[in-house]
Amino acid sequence: MATTLTEHAPHADAHHHELSFVRKYIFSEDHKIIGIQFLFMSLFFLLVGGLLAAIMRWQLAYPTDAANPLPGGGLFPETMVNNGIILPEFYNSAVTMHGTIMIFFAIMPLLVGVFANYLIPLQIGAPDMAFPKLNMASFWTAFPAGLIMLAGFFVEGGHSSAGWTQYAPLSADPEWTGVYAGQRLWLISMIILGFASLMGAVNYITTVINMRAPGMTWFRIPLPTWALFITAILILLAIPVLTGALIMLLFDQTIGTTFFASATGGEPLLWQHMFWFFGHPEVYILILPGMGFVSEIIAAGSRKPIFGYAAMVLAIIAIAFIGWLVWGHHMFQSGMNPMLGMSFMVTTMIIAVPSAIKVFNWLGTMWRGDLHFHTPMLHAVAFVAMFVIGGLSGVFVASTPVDIFLHDTYFVVAHIHYVLFGGSLFAIFGAITFWYPKMFGRMMNSTLGKIHFWLTLIFFNLVFFPMHNLGIAGMMRRIYDFTQYEYLAPFQGLQLFISWSAFVLIGAQFIFAFNFLYSLFRGEKAPQNPWHANSLEWTAAPSPPPHGNFAHTPTVYRGPYEYSHPDTPGDYWPQNEPGPAAPAPEPVYAE
Amino acid sequence: MGWLPEAASTFADSIDGIFYLILAITGVIFVGVEAVLLWFAVKYRHREGRKAYHTHGNIRVEVVWTALPAVLVVLIGVLSIRPWLHIRSPDSIPPEAYAVDMTAKQFEWNASYVGPDGAMGTDDDVTQRNQLHIPVGRPVVVMLRSEDVIHSFFLPEFRVKQDAVPGMETAVWFQATRTGEFNLACAELCGTGHTRMGGRVIVYSADDFDAWLLAEGAGPPLGARLASSTDQP
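Chains P and W, in that order, are what the protein sequence lines are.
Going by the numbering used here, the first sequence opens with residue 1, and the numbers climb by one from there.
Going by the numbering used here, the second sequence opens with residue 1001, and the numbers climb by one from there.
Hints in this document: simulated from the structure, not taken from any laboratory.
Every residue gets a Cβ at the ideal spot worked out from N, C-alpha and C, and that includes glycine.
There may be inaccurate statements among the hints.
[As the list claims (entries may be wrong)] Derived coverage of chain W by chain P (criterion: at least 3 residues anywhere in the stretch with Cβ under 8 Å from a Cβ of chain P; other residues may be distant):
#1 1048-1057
#2 1070-1078
[Said to hold, decoys possible] List of simulated lysine-lysine pairs, DSS-like, C-alpha gap at most 30 Å:
#3 P/K133 / P/K24
#4 P/K450 / W/K1043
#5 W/K1051 / P/K450
#6 P/K525 / W/K1051
#7 P/K525 / P/K450
#8 P/K525 / P/K24
Go ahead and model the full structure; you've got the sequences and the hints to work with.
Structure representation (structure tokens):
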């Protein structure tokens, strides 16, 4: 190594040529490879989560209907699917595992594992993460956690069926669900995954604080990195609470403690407090990065600076801070003191304000822009349109009296999917198509991208908008056979419609999968900066960037959103292009 | 299409009222924001020679669109407080409310009515599974418990929902506004049989309720109980 270093001393990537295949692509310390490893892993889990949703939707379309057996039902053991009929045990497992896998193994790693790893060093002008080995350890901790979670499907008694929220005592004693090994594997996997998240979070925070290129001041950091930085702080503070709760629950399961079992002095509501104290920050962990990606894509797609950059940063910080004070709104009907419910209602109402600021600032960014509707831009604009619906439906359930009726109904299912699918997943599709050329050096096919986008947008709404109506009609979520209730039986037609829309929605995702895999090999070669964007990953590094990212550490002269500046000939102005610093912002009341 | 089930309790007016108020406010915002988004998407789409207008923002409009949502959500919050406390505060439970004990377990609701001795929790209490019999026009308080896991006591037409948590006793009160049969559901995932943990609420006129009590061998007629409870300070 010593000779290599003397030969190529100025280059940060001097030694990467010598890496073996295993060190380069499997046990890699390169933040970009680790991000791509997370990408493949979490896209696989996205598929698993989608298939679990399809199983649930089949049961809801044809509740316990022997005339319409589950296609491929013969592949399952009789303890899951009997004569084509999905059994309630398996349905409850599918509900639980759809939520668990989508939240913890698909959306969260897609947002954070993939893009925090891939983008942060590139956007701040760093050669890699602060702790590359810890970063590698993070992926190789998440990976076995995923295997353990998958193993739960194959053990006797089936997988955990206590809901992704794992409310005790249902989750605390196998007696109540009949699930033994599956429940324990669920807990062990989640505990291990928590450590992977913590290793990542420590890395992202340290990297952003310490490794910014010269001139990359805090208020010149691109918004995806801002959002991921704040998200990492949330992860660092929230995950240990969850891990603690999970360990207590595992002890209740295995060694006879009774933290959450009331019969022996435990407290079931303690679980809910601990879970939601983690769980509500988790909601923002799942949306803030998406907001960051969408800001980046809308600014580049509109050829305009972000409207109110400082307000956007402050809104991210405000959401992250207030997000710690709202967890009790999940517990309005739990028997918690109604006075406490009242104060949680007030904080919950307040958190709508920074979310509204962000929406208006995105509209302001598009206003008088020069909008290029490429695939990432379509996804980003759809994010705004769908997030508005998810945000507004949140106001209904934030109001304590209205929540009495809507709590635990399909209205909540609609709300969470408008935020997590309409929001986070559209942002993820936008981000993957936007940064794909940087990651793989090839463009994704734009026609396939647009077909996938429109099918997804249309069928997403056909699936989830009617769920508001089911909730308003009083249909409970997580119900195996709603036709058992006389007042819900008339909704079979609507459930059938939702299910078939869901099957098309899931089918449309294979267009994305095909485009993703096909473009890896046959995609058009990507230029260094296909979107004419300003930030360093586009302007200072080739596509894909080598190990070490930049040939020379870039110097930053201005903020990341100087699009269509009157003093420049083109419509963008790279952050690292020498030249006069951007003139002082126009007077405040210019309009 | 689904809409709120036809109401059958005194809570429905205030809950449905706030629901419709939020629907109106969010409906206007929804239509407004989506319309502006579409309008911008069409109006400012890329055309040859278009150059975007370079601006970093405008403090004045940002203050306005921060303040406006803040005022609206605080308004909704403030309007929610009084009905919430009316429904949930222990102080709101009318002292003359007719008491029923409700014990949930996997996967049934067991309602107990006071026996002829007039005291709850004695051997002569009358217990019925998956049925709740109550009088119309009188406040009822359900003392909610669970024997095993968390269940949730949900009466859609009454706009009542309250978790039954093992180790806790939670008082839920409400007042029926019309006679008839209504739904009782479990709204919290409670295990394999969760889906069949439903029941009926049967609401009687005062006379019919007394007749039902008599027929089932349950406690003193309601009229008598009300009289005796008002006699004592």
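Each hint tested on the structure:
1. 1048-1057: holds (count 8)
2. 1070-1078: It holds: at least three residues are needed, and the segment 1070-1078 of chain W offers 5 whose Cβ sits within less than 8 Å of chain P.
3. P/K133 / P/K24: Given that 30 Å is the threshold and the Cα spacing comes to 13 Å, the pair holds.
4. P/K450 / W/K1043: 20 Å, holds
5. W/K1051 / P/K450: 25 Å, holds
6. P/K525 / W/K1051: Roughly 28 Å separates the two Cα atoms, so the pair holds.
7. P/K525 / P/K450: Answer holds: P/K525 to P/K450 is near 19 Å, not above 30 Å.
8. P/K525 / P/K24: 22 Å, holds
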